[in-house]
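K.L.:
Put chains B and C on the given structure of chain A with help from the hints.
Here are the chains, one letter per residue:
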Amino acid sequence: MINQLALLGAWWIDVLRELGRSGVLLYRVLFYPPQIRRGFPLLLQQVYSEGVLSLLIIVVSGIFIGMVLALQGYHTLAKFGASQQLGPLVALSVTRELGPVVTAILFAGRAGSAVTAEIGLMKATEQLSSMEMMAVDPLRRVISPRFWGGFISMPLLTLIFNMVAIYGAYLVGVKWLGLDAGVFWSNMQSSVEFHGDIVNGVLKSIIFGIAVTWIAVAQGYFAVPTSAGIASATTRSVVYASLVVLGLDFILTAMMIGEW
Amino acid sequence: MQENLVEISKMSFSHENGRVVFEDVDIIIPRGKVTAIMGPSGTGKTTLLRLIGGQLTPSKGEVRVEGKVIHELSYRKLYQLRKQMGMLFQMGGLFTHLNVFENVAFPLREHTKLSESMIQTLVLMKLQMVGLRGAWPLQPSELSGGMARRVALARAIALDPKLIMYDEPFTGQDPISMGVLVKLIRTLNDALGLTSVIVSHDVQEALSIADYAYVISNKKVVGHGTPDEILHGSSEQLQQFIQGLPDGPVPFDYPANSLTDDFLEGNEV
Amino acid sequence: MLSQRWIEVLVGLFLLFALLALAGLAFKVSGLTSLFPTKSYEISANFEDIGSLKVRSAVKMGGVQIGQVSDISLDPATFKAIVHMRIEDSFNQIPDDSSAGIYTAGLLGDNYIAITPMYSQSFMKQGSQIEYTHSAMILEKLIGQFIYKMGGSANDKEKGNENAPKAQ
Numbered sequence: 000m001i002n003q004l005a006l007l008g009a010w011w012i013d014v015l016r017e018l019g020r021s022g023v024l025l026y027r028v029l030f031y032p033p034q035i036r037r038g039f040p041l042l043l044q045q046v047y048s049e050g051v052l053s054l055l056i057i058v059v060s061g062i063f064i065g066m067v068l069a070l071q072g073y074h075t076l077a078k079f080g081a082s083q084q085l086g087p088l089v090a091l092s093v094t095r096e097l098g099p100v101v102t103a104i105l106f107a108g109r110a111g112s113a114v115t116a117e118i119g120l121m122k123a124t125e126q127l128s129s130m131e132m133m134a135v136d137p138l139r140r141v142i143s144p145r146f147w148g149g150f151i152s153m154p155l156l157t158l159i160f161n162m163v164a165i166y167g168a169y170l171v172g173v174k175w176l177g178l179d180a181g182v183f184w185s186n187m188q189s190s191v192e193f194h195g196d197i198v199n200g201v202l203k204s205i206i207f208g209i210a211v212t213w214i215a216v217a218q219g220y221f222a223v224p225t226s227a228g229i230a231s232a233t234t235r236s237v238v239y240a241s242l243v244v245l246g247l248d249f250i251l252t253a254m255m256i257g258e259w
Numbered sequence: 000m001q002e003n004l005v006e007i008s009k010m011s012f013s014h015e016n017g018r019v020v021f022e023d024v025d026i027i028i029p030r031g032k033v034t035a036i037m038g039p040s041g042t043g044k045t046t047l048l049r050l051i052g053g054q055l056t057p058s059k060g061e062v063r064v065e066g067k068v069i070h071e072l073s074y075r076k077l078y079q080l081r082k083q084m085g086m087l088f089q090m091g092g093l094f095t096h097l098n099v100f101e102n103v104a105f106p107l108r109e110h111t112k113l114s115e116s117m118i119q120t121l122v123l124m125k126l127q128m129v130g131l132r133g134a135w136p137l138q139p140s141e142l143s144g145g146m147a148r149r150v151a152l153a154r155a156i157a158l159d160p161k162l163i164m165y166d167e168p169f170t171g172q173d174p175i176s177m178g179v180l181v182k183l184i185r186t187l188n189d190a191l192g193l194t195s196v197i198v199s200h201d202v203q204e205a206l207s208i209a210d211y212a213y214v215i216s217n218k219k220v221v222g223h224g225t226p227d228e229i230l231h232g233s234s235e236q237l238q239q240f241i242q243g244l245p246d247g248p249v250p251f252d253y254p255a256n257s258l259t260d261d262f263l264e265g266n267e268v
Numbered sequence: 000m001l002s003q004r005w006i007e008v009l010v011g012l013f014l015l016f017a018l019l020a021l022a023g024l025a026f027k028v029s030g031l032t033s034l035f036p037t038k039s040y041e042i043s044a045n046f047e048d049i050g051s052l053k054v055r056s057a058v059k060m061g062g063v064q065i066g067q068v069s070d071i072s073l074d075p076a077t078f079k080a081i082v083h084m085r086i087e088d089s090f091n092q093i094p095d096d097s098s099a100g101i102y103t104a105g106l107l108g109d110n111y112i113a114i115t116p117m118y119s120q121s122f123m124k125q126g127s128q129i130e131y132t133h134s135a136m137i138l139e140k141l142i143g144q145f146i147y148k149m150g151g152s153a154n155d156k157e158k159g160n161e162n163a164p165k166a167q
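Keeping their order, the protein sequence lines are chains A, B and C.
Just so it is clear: in the first sequence, position 173 is 172 by numbering that gives the first Met the number 0, and no numbers are missing.
Just so it is clear: in the second sequence, position 152 is 151 by numbering that gives the first Met the number 0, and no numbers are missing.
Just so it is clear: in the third sequence, position 2 is 1 by numbering that gives the first Met the number 0, and no numbers are missing.
Bound-form chain A, shown alone:
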């Protein structure tokens, strides 16, 4: 019995240590800023590989989610004779919740896992150590651009997701199911508030971006430098990031609704 408690205590201490190490890493990434001239092309490179290359999955998911929302929403709303509320239904669901959350989870799966694997592999093949010995700070060269790349890409991807999903809903609702386009858009406009809904959604996506990228970078940096270690770090990064996003979403939603 005492043994179990001791193990539990040891596990907790390990968790705290991991959190601490990741915290120190984040601190160093945030507060030792990269040199602008040399760091900018690196950053651009990362925005490309994390953001631009994720566009495909984000756009396709966005369209399908928007279309499904419209289809399901229409059939339920029609029972109450409220099918003109389809616009607001889709727009509010997407900009407030689905946009930031789904984008974050997809990003964690596609870009987050790639970043973790990349950094872990660089650690395992001694590339990071080589850089250190060559007096080049791997934090500035490798970790920091990937972190800022994710920070910048996430909100941009979320905006694109939102617009694409709403457009998908428009395609289904107006073009296919025959709702009136004017009613669709004008009801939407009167229910969706720019500051309350859209800006809050973007705020969420920024916070999710920080969380997902931080987790991805930390898991890669602290991965055990073997092939099994990298594999487990990659899966951990996706799982932790997804869970943290969902948890943060609840907290942020509670804060944002309570504000009103």
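Errors might be hidden in some of the hints.
[Unchecked claim] Heads up, simulated EDC-like pairs for lysine to aspartate or glutamate below, C-alpha to C-alpha not over 20 Å straight-line:
(1) C/K59 with A/D136
(2) B/K76 with A/D136
(3) B/K112 with A/D136
Keep in mind the hints are simulated off the structure, nothing from the lab.
P.N.:
Chains B and C only, in chain A's frame:
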């Protein structure tokens, strides 16, 4: 200019999990010579290189490089000092996203403001020294293990460092690559006036080019001297290592229960 | 690895798409008409009961929104609700003897303030106060009144019947 490039005095080091790697170790790396550090696997030879490079901090004692205590330097001074060191890792450590030319050019681009044409000249020169000038457009994935190590060597000498450290350079090499590397290490050391430290457990090759050697076993230095002195040294640990005896101070049998316990009486394993 | 130039172009395109998405979201989805707060002036009105009126509820005249509620507080002396409203500068000819009432949008919708214009020649300006106000209709009070009335008319009927036979 100091006689000794690296001085390690009374150094002890243990890992975070408590495992003691070194206890009261004294090592001197004289300038301009090739020094070999040998010992059985797992005695922490790579750890020693990291201690010299300032990546790790000793628990006791000090490590001095060029007269400065390396583990007490600020980041900036540490990085200044590291520019004068080159390190060749066991697996080469080439950057996989850059080709051979860019890999060797990396330290030049990072630390100097030389023009493109100067960088090109220097890179090709370094590659020529290791015999791979024509391989400059290749990707690291297209290189054999031996070639990758030579490119890593070219990269390590790109900034003309004073000290160069080799982590197990002979491990897993075929005889020809071995011969190439041995020749390179010795010639570069003499031609460029480098100080080389070789960490290896390949007694024959290491002693063939070393000017001085240390043998580390069981957390301590068990013997040091010129290759001749080592080969005829007297301690038992030293002799087991040098001659490659399977049993001796480093035992053959991993600690286990007694024979009767495991094999007779149907005891539980 | 694409060349640096291509990467810059593609990242630029990415940014462009995101900005377009933001613009679309702003104007098409949320109907943002201008990013800058329009010039407005503040007036106030006191109500007995504001029902479920909230800050940022609409202030309408003839059904057209002319402003929104900016502040709601309680007067410690009279215990009436003091409601401050911001009215857009373009509606600066509201007679200063107009009345304000709190209505409900639809049957169970949100509350809003409707201003009914009167005939005065002078107009509301910054700091004016609306004199005539009707409070919100609280559903529970209405039901209470209705039940009371029902009970009352039943009593009246009985009284009427009692009177009638005596008169004979």
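K.L.:
Hints numbered earlier in the text: which of these fail when held up against the supplied structure?
P.N.:
Violated: hint 1 alone.
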